[in-house]
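Going down the list, the sequences are from chains A and B.
Counting from 0, one number per residue, gives the positions in the first sequence under numbering that gives the first Met the number 0.
Counting from 0, one number per residue, gives the positions in the second sequence under numbering that gives the first Met the number 0.
These are computed hints drawn from the structure, not numbers from a lab.
Only a predicted model underlies this, so the values are computations on that prediction, with no experimental measurement involved.
Some clues are possibly wrong.
Claimed, not checked - For the chain B half of the interface with chain A, some residues (derived, Cβ under 10 Å), not all of them:
{"id": "1", "residue": "112"}
{"id": "2", "residue": "114"}
{"id": "3", "residue": "119"}
{"id": "4", "residue": "122"}
{"id": "5", "residue": "124"}
{"id": "6", "residue": "126"}
{"id": "7", "residue": "127"}
{"id": "8", "residue": "130"}
{"id": "9", "residue": "134"}
{"id": "10", "residue": "135"}
{"id": "11", "residue": "136"}
{"id": "12", "residue": "148"}
{"id": "13", "residue": "180"}
{"id": "14", "residue": "192"}
Even for Gly, the Cβ is constructed at its ideal location relative to N, Cα and C.
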Amino acid sequence: MTKPGLSGKLSLFGMLRRSLIHRRARSISALIAMTVSAGVATALLTLYADLDAKLHKEFRSFGANIVITAPASAPLRPDALARVQDIAGKDALAAQFAYAVATTDTGTPVVVAGTDFAAVKRLDSWWQVDSWPEPSTADAALLGQRAAQFVGNEKAVALNFAGHLITLHGVGRIKTGGEEDSRIYMPLAAFTAWTGVGPSVIELQMPGGAATVEATMARLRQTLPEMQVQPVRQLVEGESKIVDRTHALMYGAVLLIALTVAVSVLATLSASVLERRRDFALMKALGGSQMQLMGMFLLEALTLALAGVAAGFVVGSAAAWAISEGNFHTAALPHLSVLPLVFLLNVTIAAMAALFPARVLRGLQPAALLKGE
Amino acid sequence: MSVSEAKVVTGQLANLSGNDPSGNTRDDCAVISLKHVTREYAGHGSVVRALEDATFSIVAGEWVAITGPSGSGKSTLVNMIGCLDRPTSGELKIDNINTAAMTATELDRFRADKIGFIFQQFHLIPYLSALENVMLAQYFHSMTDETEAKTALQRVGLGDRISHLPSELSGGEQQRVCIARALINNPPILLADEPTGNLDAANQKIVAELLQDLHRNGHTIVMVTHDPEMAGLAQRRIALSHGKVFCHPVGGPMVTLRRATDRL
Numbered sequence: 000m001t002k003p004g005l006s007g008k009l010s011l012f013g014m015l016r017r018s019l020i021h022r023r024a025r026s027i028s029a030l031i032a033m034t035v036s037a038g039v040a041t042a043l044l045t046l047y048a049d050l051d052a053k054l055h056k057e058f059r060s061f062g063a064n065i066v067i068t069a070p071a072s073a074p075l076r077p078d079a080l081a082r083v084q085d086i087a088g089k090d091a092l093a094a095q096f097a098y099a100v101a102t103t104d105t106g107t108p109v110v111v112a113g114t115d116f117a118a119v120k121r122l123d124s125w126w127q128v129d130s131w132p133e134p135s136t137a138d139a140a141l142l143g144q145r146a147a148q149f150v151g152n153e154k155a156v157a158l159n160f161a162g163h164l165i166t167l168h169g170v171g172r173i174k175t176g177g178e179e180d181s182r183i184y185m186p187l188a189a190f191t192a193w194t195g196v197g198p199s200v201i202e203l204q205m206p207g208g209a210a211t212v213e214a215t216m217a218r219l220r221q222t223l224p225e226m227q228v229q230p231v232r233q234l235v236e237g238e239s240k241i242v243d244r245t246h247a248l249m250y251g252a253v254l255l256i257a258l259t260v261a262v263s264v265l266a267t268l269s270a271s272v273l274e275r276r277r278d279f280a281l282m283k284a285l286g287g288s289q290m291q292l293m294g295m296f297l298l299e300a301l302t303l304a305l306a307g308v309a310a311g312f313v314v315g316s317a318a319a320w321a322i323s324e325g326n327f328h329t330a331a332l333p334h335l336s337v338l339p340l341v342f343l344l345n346v347t348i349a350a351m352a353a354l355f356p357a358r359v360l361r362g363l364q365p366a367a368l369l370k371g372e
Numbered sequence: 000m001s002v003s004e005a006k007v008v009t010g011q012l013a014n015l016s017g018n019d020p021s022g023n024t025r026d027d028c029a030v031i032s033l034k035h036v037t038r039e040y041a042g043h044g045s046v047v048r049a050l051e052d053a054t055f056s057i058v059a060g061e062w063v064a065i066t067g068p069s070g071s072g073k074s075t076l077v078n079m080i081g082c083l084d085r086p087t088s089g090e091l092k093i094d095n096i097n098t099a100a101m102t103a104t105e106l107d108r109f110r111a112d113k114i115g116f117i118f119q120q121f122h123l124i125p126y127l128s129a130l131e132n133v134m135l136a137q138y139f140h141s142m143t144d145e146t147e148a149k150t151a152l153q154r155v156g157l158g159d160r161i162s163h164l165p166s167e168l169s170g171g172e173q174q175r176v177c178i179a180r181a182l183i184n185n186p187p188i189l190l191a192d193e194p195t196g197n198l199d200a201a202n203q204k205i206v207a208e209l210l211q212d213l214h215r216n217g218h219t220i221v222m223v224t225h226d227p228e229m230a231g232l233a234q235r236r237i238a239l240s241h242g243k244v245f246c247h248p249v250g251g252p253m254v255t256l257r258r259a260t261d262r263l
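Let the sequences and hints guide you as you build the complete structure.
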């Protein structure tokens, strides 16, 4: 006996194509369901692939997540900032601060901080500053929103520290809603020359998740044992929680949508088989084996799943781009790496959805069906 | 045929069903042979016996009509002769091969080789042309051959309709495509289930003449019919009632093909 084969004018794929075209509405409905499934999976997985980087970037804008403080008895070593930067890596942002309490020309005590404006501008990008001083200007000052009230003349801020006078030129105001509002910031070099006080605090913004921050802190403690290395707890824990919850949310969304789509595809494929029970019964009567009929049906489901993957990848990538642009102000480019996962998901959905119709096919009674019973 | 006229053939009386004028079964010539075939189905807490102890045989080249009211077991019998089902007990031989012992896969293959189906409702695939519908039977049998399929359609008078879809063909034409499909793999048995049940008188006549022609050319035809005139075309009737087989012995009511087709 010869095996059933393909030649001449009639082929398996030809029959499949004609069948799909013949049942246009049903095919389109199944294709839309599979496209939605692949599209949502593509969009979420594309966003997921960039999620950590994007969220960490967002969190970076909240400022330092590690604070390194010199012991009370001594200021920071002169090479402290360089060593911290060396340990944390070139992607980490760091700035050092020196603090002193001076009195203003109105006789009000105020905290004056010396720092590197260029580094702070990068580190604390969330600060609301109406005008950052030029780094080269030695007498420039940033006045905190509240501190400015205790200053007679913002253009010539006269300060007294232990009898040492200095006049700074206030170039802008700072507003954070925190303790920064009560301070006056000035260049570190001028501050040290004026007060004789060196930097005592380094604020460090370490990119990466909670684990990276913890690891960096451990290295810092080991290398700089004389210093106190503390995390900005709320920020590190908050970042970790938000990243974890966003991951869980995305997993949940993919699962929920996959299940919804599976139900929809199940309904479509079931209706497709029930509508064509007689066609399949005829094929069985003509000698088609259970395997052949099942193969034809599964090939149809697989074709729809593949077409859905192709269309869904395009739609999903576009959606990911739009979502990313809207929320993170940066485009999420299509990730080909998500394609195997999307393919796997859609094929799994198609296979799951094909289980019931496959049972219908297995239970076909050609004689009764062809008789119209 | 009324039940009172027929002779109950079960078990030992089955010998009357052959073509031997003496009444003996000619198993050596039988293309279909049933011995004590019973088919039971599990019902709601009970067993339904759809066919009971059927024993008869049909010889090669014979034209047999299977008749009986609804629920008499005709479909069950046709399922088994058509290798779509297997007996619960008994022996069913097609072309001297016991189908009762076959697996479902073997039965599928065997069916493609041995049986050509002609259906009352034609059952053509709506999105395939007449030619492709014929080739579909080739596809499940072996290899498709367009030339052979065209020849089969020409044989039933549809040489000029090969590219038409079923929806573009009349009922009679669709039935002729169905006959061409049944013939394409050259099966030893043609199983026709109410072949003219859905046709008008003119098309009934065309189909009856086609069957007559096929019979003349040596095909074995097993035909289920409610139509006494179509049944009259057959050489022999096998009647069913309540799952039991009643056979007319050879020499029973026969109508010549010419007379029957004339009436149609």
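A quick look at each hint next to the structure:
Proximity of residue 112 of chain B to chain A holds as hinted, the smallest CB-CB distance being about 7 Å (cut-off 10 Å). Interface hint at residue 114 of chain B: satisfied, since its Cβ lies 8 Å from the closest Cβ of chain A, which is below the 10 Å cut-off. Below 10 Å, beta-carbon pairs count as interface contacts, and residue 119 of chain B has one with chain A at about 8 Å; its hint therefore holds. Checking residue 122 of chain B against chain A by beta carbon gives a least distance of about 5 Å; that is within 10 Å, so the hint holds.
For the restraint placing residue 124 of chain B at the interface with chain A, the shortest Cβ-Cβ distance is roughly 6 Å, inside the 10 Å limit, so the hint holds. At a threshold of 10 Å, the smallest CB-CB gap from residue 126 of chain B to chain A is about 4 Å, leaving the interface hint in force. Among the interface hints, the one on residue 127 of chain B holds; its C-beta lies about 7 Å from the nearest C-beta in chain A, closer than the 10 Å criterion. Against a cut-off of 10 Å between C-beta atoms, the interface hint on residue 130 of chain B holds, since the closest Cβ of chain A lies about 7 Å away.
For residue 134 of chain B, the suggested interface contact is upheld, since its CB lies about 4 Å from the closest CB of chain A, less than 10 Å. The closest approach between the C-beta of residue 135 of chain B and any C-beta of chain A is roughly 6 Å, which is under the 10 Å cut-off, so the hint is satisfied. Hint on residue 136 of chain B holds. Least Cβ distance to chain A is approximately 5 Å, under the 10 Å limit. For the restraint placing residue 148 of chain B at the interface with chain A, the shortest Cβ-Cβ distance is roughly 8 Å, inside the 10 Å limit, so the hint holds.
For the restraint placing residue 180 of chain B at the interface with chain A, the shortest Cβ-Cβ distance is roughly 8 Å, inside the 10 Å limit, so the hint holds. Look at residue 192 of chain B: its Cβ gets to within about 7 Å of chain A, closer than 10 Å, so that hint holds up.
Hint compliance for this structure: every hint is met.
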